[in-house]
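S.K.: Single-letter residue listing:
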Amino acid sequence: MKSAVWMICWQEFTLNRRNRWVLSFAALFAMLTLVLAYFGMVTSGYSGFQDFTRTSASIINLGGFLIPLFAMLVGVFSFITNQGYFEMLATQPVSRSKVLLGRYLGLLLTILAASLLGFGLPGAVIALVIGVTGAQSYLMVVVYSMMLAMVFTGLSVLIALIAQRRQIALGIALGVWVFYELVYGMLMLGTTLYLSPAVLKTVLPVGLMGNPIDIVRVLSLLQVGGPHLYGPAGATLIKLTGSAGLATLIGVLGLLFWIVVPVLVSMKIFNRQNL
Amino acid sequence: MHILRNAMLCSLVVCMTLPAAAAVHTVEQGESISATLRNVAPGDIVRLVGTEYRENIVIDVPVTLVGVNLPVIRGGYQGNVVHVLAPGTEIRGVHVSEASPLLTKDMACILIEADDATVRESVVTESLHGIYVKGANRAVIVNNRIEGRLDLIEADRGNGIHLWNSNGNRVADNEILNVRDGIYFSFANETEVARNHVHDVRYGLHYMYSHDNAFYDNLFEHNVAGAALMYSERILFSRNTFARCRGYRAYGILLQSMEDVTATSNLILDNSRGIFLNNAKGNVFEANDVVDNDLAIQLNGGCDDNIFSGNNFLDNLSELLLDVSDRETRWADEESGNYWSRYRGYDLDKNGVGDVAFGVQNIFQVMESKVPEVRFYLLSPASEVLRAAERALPILNLGDVEDPLPLMRAADNHQVPWEVAGDFNGGPSPLWAAVYIIGAGLPLGALVYLSRPRPRRASGKEST
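First to last, the protein sequences are chains X and F.
The working numbering applies: residue 1 is where the first sequence begins, and numbers increase by one.
The working numbering applies: residue 1001 is where the second sequence begins, and numbers increase by one.
In case anyone wonders, no lab produced these hints; they're calculated from the structure.
Honestly, I wouldn't trust all of these hints.
[Said to hold, decoys possible] Quick list of simulated restraints, FRET-style, between CB atoms:
| # | chain 1 | residue 1 | chain 2 | residue 2 | range |
| --- | --- | --- | --- | --- | --- |
| 1 | X | V35 | F | P1428 | 51 to 59 Å |
| 2 | F | G1445 | X | V265 | 33 to 41 Å |
| 3 | F | V1356 | X | G190 | 26 to 34 Å |
[To be verified] Listed below are several chain F residues computed to face chain X (Cβ distance under 8 Å; list not exhaustive):
| # | residue |
| --- | --- |
| 4 | S1272 |
| 5 | M1367 |
| 6 | K1370 |
| 7 | F1376 |
| 8 | S1380 |
| 9 | A1382 |
| 10 | V1385 |
| 11 | A1388 |
| 12 | E1402 |
| 13 | P1430 |
| 14 | G1439 |
| 15 | A1440 |
| 16 | G1441 |
| 17 | A1446 |
| 18 | L1450 |
[Stated by the list, open to error] A partial selection of chain X residues facing chain F, derived with a Cβ cut-off under 10 Å:
| # | residue |
| --- | --- |
| 19 | A57 |
| 20 | L208 |
| 21 | Q223 |
| 22 | G225 |
For glycine and all other residues, C-beta sits at the position ideal for the given N, C-alpha and C.
Please model the entire structure based on the sequences and the hints provided.
M.R.: This is the structure we're talking about:
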C-alpha cells in the first residue's frame, strides 16, 4: 500500500532522472570537488588541519555556488515544463498539498542523488589523509549542504508556482540565486559603513540567518575549524547564543525554517491557484 | 644496567684514587633515605636500589643521589618531596612523585635552593611545581620528564620547571606536559633552554622580568601559547616549533611589553594566532616560517620599531590584525621584505623582489580590524569579490601597512625545523573512505541505473 505522496514522488523522480542535465551536473560537480580535495589535501605539502579547513571551505563554497543554482534550474524546469502533467495530477482524488509535496520530494531526491557524489568523493580523500576526526566533521558539512539543497528546491517550487511562465520563473530563480550568493553578503558587509561596531556585533551574526547559504557556510566552518576560527567574532557568537552547540542548534533551526516555509507557502498558493 | 654499573664502578675507582675517597651508600627497599643522608660526607654517592621510598627528603650535604632502575620517592602529597639545600648536589635516574598541592606555598617535587645542582634522567609525576629552582644559580636540568596533574584545573596546577631569582641555568632535552606553564622564568637571567618538548600546558615558556635569555630547538605544541614572553629584554630564540595552539586565547608566540627580542628560523604552524605583539619595542623577526595559522600576526597598541624580514608567510587565513593604525612596524630591511603566499605582484627587473608593494592587510582584513564580526563572512563569495575588486581598483586600498619589498619566491630558511613538526593527523581511515564512496555512489548508481533506456513497460507507463 503506497501512499499518494510516495507515488507522486517516485513518478517525479522517474521523470527527472531522464533529464541529461542531472547526470551531467553530478559528473561535473563530483569532478570539481575531487580536484579541490586532491589539490587541497594531497599535494599541498603541509600536514596541517588547516588544509582540511581550507579544503572544506572551498568545497562548501563550491557547493554553495552550484547546488542552489542546480536546484533552482532543475526545479523550475521540471515544474513548468510538465505543466500538463501537473494539472492532470490535480484532477486525481488526492489533495493538492499531497500532490505538491510528492513533486517536491521527487525533485529533492533527484537533486540529492546528483550532488551526493560530489560531496562523497572529497570525504573519501579527507578520510584517507586526515583520518577519523576529519571524516566525522566533514560528514556534518555534507549534511548541511544537503539541507541547503532542500532550501533551494523548496524555493524553486515556490518561484515556479508564482511565476507560472518559464522565462519569468527562470529570471526570478537566477535573480534569487545571485541575491543570496553575492548581493546579500555585500549588503551585510556594506552595513559596516553605516552602523556602529556595537550595533554590528548583533546585526552581523543575526543577519546570517537571513541567508541560508551563509548559515550553511558558517555552520560548516564551525564544524571543521571550531568557533575560534572566527576569532573575537566567534566569542561574540558564543556570548550571543550561550555555547557553540547552541549556536549550531540555532543555525540548524534557521535552516529548517528555510526548508519548511517555502514548501508550506507553495502548498497554500497551489491550493488556491486556479489551474 | 651493566653499563651504568660499570660506569659507577669506574667512577668509584676514580674516586678511590682521589685523596678524599667518596663512599657509596646503598639504600635498600624498606630502608630510609633520610637516615642514610644523616651519615654521608660531601661527595658521597647514595644509591637507591629499592623500588619505592615513601618519605620527604632533605639533601643538606652535597651528594649524588642515583636511582637504579628508576625507583620512586613518594611524598604522600605532603610538603616538598626532595629538598636540595647543598650546592653541587646531583640527582640522577630517580622518579619523584606526590608533592603537596598547596600552590600558595609553592610546593614542588624537587625544590632546589642551592647553586650548581643537577637533575638528570629523572621523572617527576603528581607534581605541583615539578622542579623549582628558588634563588639558586647554575642549575642543570636535563633529560627529565615532568608530568603535571590532570585532575587539577589549570589554575591550581604548578609549573613544570619554575625558576625564581635564579641565573645561568641550563634546561635541555626535557619533556614537560599537563602543567600550567612548561618552564616559568621569574627574575631568571642568562638561562639556556634547548631541545625540550613541551605540550598540553598553558604557556610552553613563560618569561617574566627575565633578561638575556635564549632558547633553541624546542618543540611546543597543543598549548595555550607556545611561548609567552613578558616584561623582559634581550631574549633570543631560534629553530623552535610553535604548533597547534588552538582556542580563543591561543597564540604561537606572545610578546607582552618586550624589548630587543630576536627570533630567527622558527616554525609557527597552525595556531589560532601565530604571533601576538602588545606594547613590544625593537624586536626582530627574521627568517621564520609562519604557516597555516588562522591569523599570522596581531599587533596591538604600543608597538614600536619592530621589524619583520625574510620570513615566509604561507597560507594563513588572514595576515594581520591591528587594533590601532600602525605605521611604526617595518616589513622589510634594506634589501628585502618577506614572502607572502597571497602576493600577486610581478618582478620585471628579475631581482627576486616584487615591483609592487604588498598590502599586508586586504580590504576584508581592514574591515575585520574595525568590526570583528565581519569575520563571519570569511571565505565567503562576497569577501572574495571585495578582494578581487580591491586588486582591480587599487583606489580601494584602505590598509596603510605594506611590505615595500615582497619576495617573489619563498625564502630558503633551511634552518627552520620542518622535520620536527611531523604529521599530527590521526592516520588514514580506509573504513570512512569506503563509507563515503559507497554512501555517495549508491544514489548516483541508482540514478544511472534507472535512467538507462528501457523499452516497452516503463515508456508505456510514462507516456501518459
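S.K.: Run every hint past the structure and note whether it holds.
M.R.: Verification of the supplied hints:
Between X/V35 and F/P1428, the C-beta spacing of about 20 Å breaks the proposed range 51 to 59 Å. With their beta carbons about 35 Å apart, F/G1445 and X/V265 fall inside the hinted range of 33 to 41 Å. Judged by the Cβ atoms, the range 26 to 34 Å given for F/V1356 and X/G190 holds: they are separated by roughly 28 Å. With its C-beta approaching chain X no nearer than about 5 Å, F/S1272 sits inside the 8 Å limit, and its interface hint holds.
For F/M1367, the interface hint holds, since its Cβ comes within 8 Å of a Cβ in chain X; the closest pair sits about 6 Å apart. With 8 Å as the threshold, the beta carbon of F/K1370 comes within range of chain X, its nearest partner Cβ sitting at about 7 Å, so the hint holds. Interface hint status for F/F1376: upheld, as the beta-carbon distance to the closest one in chain X is roughly 6 Å, under 8 Å. Because the smallest distance between the Cβ of F/S1380 and any Cβ of chain X comes to about 5 Å, under 8 Å, the interface hint for this residue holds.
Interface restraint check: F/A1382 against chain X, minimum CB-CB distance 3 Å, threshold 8 Å, status holds. Restraint check, F/V1385 versus chain X: the minimum CB separation of about 6 Å is within 8 Å; hint holds. Restraint check, F/A1388 versus chain X: the minimum CB separation of about 12 Å is more than 8 Å; hint violated. For F/E1402, the interface hint is violated, the least distance from its beta-carbon to any beta-carbon of chain X being 22 Å, above 8 Å.
At a threshold of 8 Å, the smallest CB-CB gap from F/P1430 to chain X is about 7 Å, leaving the interface hint in force. Satisfaction of the interface hint for F/G1439 is found here, the shortest Cβ-Cβ separation to chain X being roughly 6 Å, below the 8 Å cut-off. Evaluation of the F/A1440 hint against chain X yields a held restraint, the C-beta minimum of about 2 Å falling below 8 Å. Look at F/G1441: its Cβ gets to within about 6 Å of chain X, closer than 8 Å, so that hint holds up.
Interface restraint check: F/A1446 against chain X, minimum CB-CB distance 7 Å, threshold 8 Å, status holds. For F/L1450, the interface hint holds, since its Cβ comes within 8 Å of a Cβ in chain X; the closest pair sits about 5 Å apart. Taking 10 Å as the C-beta cut-off, the interface hint given for X/A57 holds, the closest approach to chain F being about 4 Å. Satisfaction of the interface hint for X/L208 is found here, the shortest Cβ-Cβ separation to chain F being roughly 6 Å, below the 10 Å cut-off.
Below 10 Å, beta-carbon pairs count as interface contacts, and X/Q223 has none with chain F, the closest being about 14 Å; its hint is therefore violated. With a cut of 10 Å, the hint placing X/G225 at the interface with chain F holds, because the nearest CB-to-CB distance is about 8 Å.
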